[in-house]
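Peer 1: Here is how the chains run, residue by residue.
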Amino acid sequence: MAFINTLLSYGTAILSSFAFLVLSAIGLAVIFGMMGIINLAHGEFILLGVYGTALSYHEIGLPLVLAMLVGALVPSVVGWVLERTVIQHLYTRPTDSMVATWGVSLITIEGLLLLFGPSYPGIQRPFGPVRVGTFSAPIYTFVLMGLAVGILLFTYYIFMYTEFGLRARATLQNEEAAHSLGVDTQSIYTKTFVLGSFLAGIVGGLYAPVISVEPNAGSRFVIAAFVTVIVGGANVLMGTFLSGSILAVIEGIGAQLVGTFFGRALLLIAAILVIRIAPQGVSTFIGEYE
Amino acid sequence: MSSLFEPFEGPNVIGESRTFWVGFWAVVALVLLYPLIAGAYSTLQMTVYFIWIFLALSLTVIWGYSGILSFGQTAFFGAGGYLFGVLGTNLVQITGETAIALLVTVLGTTLFAAVLGYFMFYGRVSGVYVAIITLAVTLVLELFFTRSTELTIGNATLGGYQGMTNIPRQTFELGVTNITLGPVTRYYFVIGLLLVVYFALRYLVNTDFGYAMIGVREDEDRTEMLGYDIRLLKLKVFAIGGALAGLGGGLYASWGQFMSPPIMGIASAALPVIWVTVGGRKTLLGPIVAAFILQYLGDQIALYQASFSVILTGIILIVTILYMDSGAIPNLERYTAERFKNRDATEEETA
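So the protein sequences, as listed, match chains A and B.
At position 225 of the first sequence the residue is numbered 225 (the numbering used here), and the sequence of numbers has no breaks.
At position 209 of the second sequence the residue is numbered 209 (the numbering used here), and the sequence of numbers has no breaks.
Keep in mind that a hint or two might mislead.
[Said to hold, decoys possible] Pair by pair, the computed Cβ-Cβ distance ranges are:
1) B/Thr177 x A/Val249: 58 to 66 angstroms
2) A/Val258 x B/Asn166: 39 to 47 angstroms
3) A/His58 x B/Ile293: 38 to 46 angstroms
4) B/Tyr304 x A/His58: 24 to 32 angstroms
5) B/Tyr304 x A/Leu166: 51 to 59 angstroms
6) A/Glu175 x B/Pro7: 46 to 54 angstroms
7) B/Tyr304 x A/Gly146: 42 to 50 angstroms
8) A/Ser180 x B/Leu322: 26 to 34 angstroms
9) B/Glu173 x A/Ala234: 52 to 60 angstroms
10) B/Gly127 x A/Gly259: 31 to 39 angstroms
11) A/Gly117 x B/Ala38: 36 to 44 angstroms
12) B/Ile100 x A/Phe154: 53 to 61 angstroms
[Unchecked claim] Where chain A lies over chain B, by a calculated footprint (3+ residues, C-beta under 8 angstroms):
13) 130-136
14) 268-279
[Stated by the list, open to error] Anything over 12 angstroms on all C-beta distances counts as not near chain A; from chain B, calculated:
15) Ala26
16) Thr95
17) Leu103
18) Ala156
19) Gly175
20) Val197
21) Leu204
22) Glu224
23) Asp229
24) Phe258
25) Asp299
Since the hints were derived computationally from the structure, they do not count as laboratory data.
For clarity, every value in this text was computed on a predicted model and none was experimentally measured.
Beta carbons: idealized from backbone N, C-alpha and C, even for Gly.
Could you build the full structure based on these sequences and the hints that come with them?
Peer 2: Now the structure itself:
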């Protein structure tokens, strides 16, 4: 029985870590993979989703699922404005765009602090716990895990089976050729950035019932997102999925054996080791699939 | 005058005219006179702005001159501070001085940077990847020091989120007596180190090594084709940056006798990037001036409302990136250079 308990708690830790890594990274990975731009305010975009959800849940009284969708609109709008005003001038200067989005990150953190103070009321976690013998874990953890896979599939669908996806992939492969064949590449970039921001917002909504709603909560997501993208490499979906899986096993086991911080530190060490062996991340091993 | 400063002059730094050096030494003289005019308390307050300059210079060498965008300079700064705290607290009881602690601190952060640099540059990682790896390292270090509430090393307690207290002040063994630096002597110690570092860097960037650094910044592949081992070069540059940031951290720790994790948080990590961006990344003097002015202004605004100071920094950052690509100081320098062109024949446009 004790053995099964251990097995279950390790399994849950790994699944929960997988969900967190993949969900944290997905919006960042879409923007990075398609535009080569790292949005350093990504953690704060997720946080805007969290705040949007918590606000529409508490202040307007929307049901949770609806509140999450409304919450996701907040970073989408911010992302659109940011793309139109700042990012579009910096397509050819990826490191400068990082620095500029860092400015956005700082403004967002302090803005939230000024508007809502050091903490905002959280949302109660939906569903109860699941029990197997003496072992218990929140059902929501498994919901998140399912949604992580679901959102990956949704993104896959968008890029592989829609008109937008086709044009986006064409732009990625050869911007000039795509442009001369009539693809409005500028609009593709804007839409991609908004899509990435929207995904960040959805993730924020999903984690609104899990984390404490604080202005500096974004850095948790951003570490996870960075590490996953470093290990995943440029291949948006397979890279994120594979690196999420590998890192989740490392973090889950590390966290169970020693503690949460140890798991997080192991992630980083793993990422640094991976880039020494495979600088392009696990994408190196996938080859070109798109 | 110009022959005396020849080793420190070249196309890779701004300011080699007579006017520049006169102005430079006038400013240095003012800085040196400051404690006599302002008194001990203001001198103590002023010292920290000069300590930030070490942090600014560390990023200038790495990013400004070699094109490697590191978001991890505060990691080295913070690690330096904690390292000095631990070593200083333990050693001062045995040896009665902290010079060795400061030296080992600088060596330690140099090694830290070299190891991290080895994994990145020998893995051929560059561009945005270096930036996100260094930022991740910084944030994880912050997390580590925040969680380290129970951790003690020898007599030193790291103190978790409350920070490490009672870090010893700089103490030197002088003959048979030990001298602990007070507010004014410490100020001169910091200024002295800063001048040494500034001239050393002016010299460095105008040597062959400096040209190679700029070669890497302008075109990595071309520099490599010319026969430079750019991996080793980047590693060395990164280690120099680690040393400078670590030195700054050690000085900072003994200045306030205190270190706490937020120094490695996301808001602090942005500071050197802001100074170098605003000051102009291709110069040494720009980031120095920007660090001093921005940090001073930031602190003045923070007295009123800390958030406004950070928000303002964010806005300055975005505006500079969008509208003043090369930074504010080089733009100013170009402007004054053009105005003085007729008056001063030796004035040359170097940007």
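Peer 1: Would you mind marking each hint as holding or not holding in the structure?
Peer 2: Checked hints:
1. B/Thr177 x A/Val249: 58 to 66 angstroms: holds (59 angstroms)
2. A/Val258 x B/Asn166: 39 to 47 angstroms: violated (30 angstroms)
3. A/His58 x B/Ile293: 38 to 46 angstroms: holds (42 angstroms)
4. B/Tyr304 x A/His58: 24 to 32 angstroms: holds (31 angstroms)
5. B/Tyr304 x A/Leu166: 51 to 59 angstroms: Check passed, 53 angstroms falls within 51 to 59 angstroms.
6. A/Glu175 x B/Pro7: 46 to 54 angstroms: For A/Glu175 and B/Pro7 the Cβ distance comes to about 47 angstroms; the hint holds.
7. B/Tyr304 x A/Gly146: 42 to 50 angstroms: holds (49 angstroms)
8. A/Ser180 x B/Leu322: 26 to 34 angstroms: Since the Cβ atoms of A/Ser180 and B/Leu322 sit about 28 angstroms apart, the hinted range of 26 to 34 angstroms holds.
9. B/Glu173 x A/Ala234: 52 to 60 angstroms: Holds, at about 55 angstroms.
10. B/Gly127 x A/Gly259: 31 to 39 angstroms: For A/Gly259 against B/Gly127, whose Cβ atoms are near 34 angstroms apart, the range 31 to 39 angstroms holds.
11. A/Gly117 x B/Ala38: 36 to 44 angstroms: holds (38 angstroms)
12. B/Ile100 x A/Phe154: 53 to 61 angstroms: holds (59 angstroms)
13. 130-136: holds (count 5)
14. 268-279: It holds, with 3 qualifying residues against the three required.
15. Ala26: holds (33 angstroms)
16. Thr95: Label holds. Min Cβ-Cβ 33 angstroms, cutoff 12 angstroms.
17. Leu103: holds (27 angstroms)
18. Ala156: holds (20 angstroms)
19. Gly175: Consistent with the label, B/Gly175 stays out of reach of chain A, its closest Cβ about 46 angstroms off (over 12 angstroms).
20. Val197: holds (24 angstroms)
21. Leu204: Its Cβ never comes within 12 angstroms of chain A, the nearest being 23 angstroms, so this holds.
22. Glu224: holds (15 angstroms)
23. Asp229: holds (17 angstroms)
24. Phe258: holds (21 angstroms)
25. Asp299: Holds, because the least Cβ-Cβ distance between B/Asp299 and chain A comes to about 15 angstroms, which exceeds 12 angstroms.
Violated hint for the displayed structure: number 2, the only one.
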